[in-house]
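Sequence order for the protein chains is A and B.
Per our numbering, the very first residue in the first sequence carries number 1; after that it's consecutive.
Per our numbering, the very first residue in the second sequence carries number 1; after that it's consecutive.
Simulated from the structure, these hints should not be mistaken for laboratory data.
We treat Cβ as the ideally placed atom computed from N, Cα and C, and that holds for glycine.
Don't take each hint at face value.
As the list claims (entries may be wrong) - Straight-line alpha carbon distances no greater than 20 Å define the calculated EDC-like cross-link-like pairs of lysine to aspartate or glutamate that follow:
| # | chain 1 | residue 1 | chain 2 | residue 2 |
| --- | --- | --- | --- | --- |
| 1 | A | 38 | B | 530 |
| 2 | A | 38 | A | 23 |
| 3 | A | 38 | B | 203 |
| 4 | A | 38 | B | 710 |
| 5 | A | 243 | B | 44 |
| 6 | B | 654 | A | 238 |
| 7 | B | 570 | B | 581 |
| 8 | A | 46 | B | 581 |
| 9 | A | 38 | B | 129 |
| 10 | A | 243 | B | 289 |
| 11 | A | 38 | B | 651 |
| 12 | A | 243 | B | 698 |
| 13 | B | 598 | B | 625 |
| 14 | A | 38 | B | 698 |
Stated by the list, open to error - If you want a taste of the chain A side facing chain B, the calculated C-beta under 7 Å gives, among others:
| # | residue |
| --- | --- |
| 15 | 57 |
| 16 | 177 |
| 17 | 239 |
| 18 | 252 |
What the hints assert, rightly or not - Simulated restraints, written as ranges between beta carbons of each label pair:
| # | chain 1 | residue 1 | chain 2 | residue 2 | range |
| --- | --- | --- | --- | --- | --- |
| 19 | A | 234 | B | 183 | 52 to 60 Å |
| 20 | B | 33 | A | 22 | 47 to 55 Å |
| 21 | B | 765 | A | 259 | 50 to 58 Å |
| 22 | A | 228 | B | 191 | 54 to 62 Å |
| 23 | A | 40 | B | 723 | 42 to 50 Å |
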Amino acid sequence: MYEFDFVKPSSVAEAVAALGEEEAQALGGGQTLIPTLKQRLASPSKLVSLGGIADMQGLRLDGADLNIGGATTHGTVAAEAAGSYPALAVLAGHIGDPAVRNRGTIGGSLANNDPAACYPAAALASGATIVTNAREIAADDYFDGLFTTALEEGEIITGVRFPVPEVANYQKFLQPASRFALVGVFVAKYADGVRVAVTGASEEGVFRWTEAEAALSGNFSADALDGLTVAADGMMADIHGTKAYRAHLVGVLAKRAVAASA
Amino acid sequence: MPKDSGIGASPKRREDNRFLTGTGNYTDDINLRGQAYVHFLRSDMAHGRITSIDTSAAAAMPGVVQIFTGADFEGVGGIPCGWQITDKHGEVMQEPAHPVLAQGKVRYVGDAIAAVVAETAEQARDAAEAIELDLEELPAVVDMKAALQEGSAKVHDDLTSNLCYDWGFVEENKPAVEEAFAKAAHVTTLELVNNRLIANPMEPRVAVGDFNRATGDSTLYTTSQNPHVIRLLMGAFVLGIPEHKLRVIAPDVGGGFGTKIFHYAEEAFCTFAAKALNRAVKWTSSRSEAFITDAHGRDHVTTIQLALDGDNNFTALRTDTHANMGAYLSTFAPSVPTWLHGTLMAGNYKTPLIYVNVKAVFTNTVPVDAYRGAGRPEATFQLERVIDKAARELGVDPIALRRQNFITEFPYATPVAVEYDTGDYHATMDKLEEIADLKGFAARRAASEAEGKVRGLGVNCYIEACGIAPSNLVGQLGARAGLYESATVRVNATGGLVVMTGSHSHGQGHETSFPQVIAEMIGIDESMVEIVHGDTANTPMGMGTYGSRSLAVGGSAMVRATEKIIAKAKKIAAHLMEAAEADIELKDGAFSVAGTDKSVAWGDVTLAAYVPHNYPLEDIEPGLEETAFYDPANFTYPSGAYACEVELDPDTGKVSIARFAAADDFGNIVNPMIVDGQVHGGIGQGIGQALLEAAVYDDDGQLLSASYMDYAMPRADDLPFYQVDHSCQTPCTHNPLGVKGCGEAGAIGSPPAVVNAVVDALQSMGREVTHVDMPLSPSRVWQAMQG
């Protein structure tokens, strides 16, 4: 990697100030950024670690909402959300391997918005709110295509607010090499309806499968999805799966998610 | 009752103590005083002309010692190829020059263009980025068949085409084979791909070159399976350094699987630069670099045809293969699709007529060479797949069809130039049916079905030629080196032994299994024997480890040397006991005189050899040290029968291995636990090939699977528990241990079992699928289900 400065502020305000400098880059758990730096594919002048900010750590159940600090690791979510939001805990517990889960953070994952990452599906399907140092962004307004989000330069995800659903389930079909989601489907049922979010599949990144949501909101059973398909057009294709295969998996996994949560 | 020492026992591997406690000594652990570091600037273009290289700005960067380019290697030898193939017209293969650093053109993504030597590895890398390079992009040659079309771009401008050779085997058989096909009652045809693989040993390659100005000696530390071969190839053909001025050391090596057999340009560079700069030069491959510089494996495209008569006897076989050589000829590359492949096409069957055609093709890809099994997996896969297809077309049981055509009498001369010494294919198949519980398959299939899964069963046989090889035979076949093995057995005064072997251990456990043999021969404890390997300065000239040859060839040399030791020790013992040499018996570490109670201990004799106060000095020399070179009379022929059961998810196409059984005949066995481990590892790699692994290039010659993000290695949860048995033993008749070799069997025998099982599952769903190319990824299997 190239040389860079490193700071580890203890407050959000200090972090925001540090990120105001030219070519400064926020560092969450570093599970994407550090390999990128090692490959010399990025050359920030300064890394601003978010790992020393106490206010961005941990889970807090607040009425019907689960608030998770932006710097909370996947391992912590897996352990501590098990009672309050089990589907989310299971998702977090299956990201990467133990080493990744010990360092990778929810804020880092959502800020990076890898099209095959798991957390974006949970955030979108839960109708979560992305809380930053400057504002609150609804998940529906947050994800903006591959590796692209509504975040402004230097804006930090300080936390994520998940409305806890009645039932939910995440089904991930593993890409054989990376074990990211070749396709992942998160289904969450709320009193006012069902939300279905799909990761790994689309050229546009994570998306809501609205036809499935409509069908499931009327009849929350796997059968309700019979005959529903997503178009292969617009799906990603690579050496691990064709467009048609990914489109097919969306349907299979959505049914499985419903069956597992119903 | 299992033995607790000697041949047939399973002592724990003594080398694991250091491997598992972080106290091994790998090449990257070696750091020499004043060492500099090299970073190679590599081509990111598959095919291009170097129009200019300006290193002036880079040379001025901090820490840079010197920058080398292809121009610095004019007048220096190129990387040699160790095997020359003669084609079906009697012409020798086309053999391109392979410079240490690219000259004129780059020919694959990863081809080294310049080498920056600097005080630190980071400085070398920084400076490499400052080299100003102009490449004129040329059309990439990627697809083998397109490469042979008229008008294709040429990988090597000075060759007549991209064809390395067009090999026919046995050419004289061809008319008879054609005639047999014309008369056949049934012909089964199968087109298939043997997927390109990357070996991915846990330890990436490393080279450290050193030069001693006082003595003029060069030393290379390298991650090699055969340091003597590297010394010979690099010294004689590249750098012009005689053996006595060049030492090659391969210390602990973290896995090879074939890809560390070959002589690589980085080794030659570090040795060359150390002398040029008068300081040690080190290169450590990154994992990313390994993907685009370690020789790849397999990559065959084949059409195979099997002819049968009205009684389902195999009457003829013909096969037509395009074999990818990559951009240059790696050390063994030309031999893999020919002599390691064509000679195995008879398999376990008495097919009387066989013709093999192989076109070896240059492409703008990483050089391709031997990978665990090397040619034999490619032969086994196509043969066992076409037999399975034939059985399905004819509506006969695949096992019965195989059994009907088994070779049953030995020795057996195949129509493809080899003679199997021993084997019992019905016995291994019987054992397989037992350990795989094939009778229980129907019930397991029903149980899977009840859970919404589809179960399939695949069975196949394999044979391989190991223990390579008779030097005179391989010499006739084009090998440019001998293939004997060597051992020096040094007995110390107090009775301990050191064996200096030309074999090299990089995971095989020689340090444990070789002493078991000596302990058995002399009747002493294994702890009295130490194995030394990997250093040309203290081991006799040997050819190294590959082709499952170490015990069969290297172990045989050790046995021969030990026999000489015992013979001499008996002379000494006879003198000490004032008895006739012919009456001396060696048992349990003591020499006795037959028919008497006279006896001297092993240690008494060894001490006498070095303290010859009472010694037959008029008849024999003092000391107890012997060397033997062993050149076998034939290959060895391990064989076996494998069964795989898969469970297929009909919704997603995902294949899971439910059961896997292997019944192998390795002849005699020294350490059953190590053999189990070798089979387990081989099957793991075979399942990896069958389900997961693929080196994929795009049309521009870019490697798409150039990291673990896209190259799928098998992991623990991809693999089942195995039922492994090697109780069927027909000992090799021509080596002293009766051993056959076990290192590659698992990787050779397992891919067809997996694919046969998946095809069985798909057909049980009513799909008219006759083949799916490896790797059987969920996407591919799902696609096959749609058809």
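Which hint numbers doesn't this structure obey?
-> Of the numbered hints given earlier, those the structure breaks are 1, 5, 8, 10, 11, 13, 14, 15, 20, 21, 22, listed in rising order.
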